[in-house]
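Going by numbering that gives the first Met the number 0, the first residue of the sequence shown is number 0, and it counts up by one from there.
Honestly, I wouldn't trust all of these hints.
Below, a list of computed lysine to any residue pairs in the SDA-like style, where the Cα atoms sit at most 20 Å apart [to be verified]:
id: 1; residue 1: K45; residue 2: I89
id: 2; residue 1: K45; residue 2: G88
id: 3; residue 1: K45; residue 2: W79
id: 4; residue 1: K45; residue 2: L85
id: 5; residue 1: K45; residue 2: A90
id: 6; residue 1: K45; residue 2: F91
id: 7; residue 1: K45; residue 2: S86
These are computed hints drawn from the structure, not numbers from a lab.
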Amino acid sequence: MGLTVSGFLYDQQGNALRDSQGVRLTTHEQALIWIPGPMVGGQGIKMWFCLDSSLGLQRQLVAGSLTSGNQVAEAMTAAWAPRLSLSVGIAFR
């Protein structure tokens with residue numbers, strides 16, 4: 000998954016920085032979010048009804064140009080977390 004973070008630049012006093020035409024200066028950073036982890040699941044089909052479920056662990060890893068103090072990147076990087084999935088649908092045979 001791709002992640003783009005944009006924000007305005009500020010000086011030491013908290014005032015927005017502007018270019019010579021008065022437009023606020025911004026920063027743009029990009030990164031990729033990898034979500035690796037093991038999963039197990041199964042699928043059941045009964046006539047036209049389909050039920051698919053899975054359970055596993057996942058970990059979000061951010062790789063890219065985001066600065067280490069970026070709060071969005073820090074929030075996206077998580078320790079191992081459980082993941083539960085359940086899908087209901089129509090079975091096409």
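Status of the hints after comparison with the structure:
no.	hint	verdict
1	K45 x I89	holds (10 Å)
2	K45 x G88	holds (11 Å)
3	K45 x W79	violated (34 Å)
4	K45 x L85	holds (16 Å)
5	K45 x A90	holds (8 Å)
6	K45 x F91	holds (11 Å)
7	K45 x S86	holds (14 Å)
Hint check: a violation occurs at hint 3 only; the rest are consistent with the structure.
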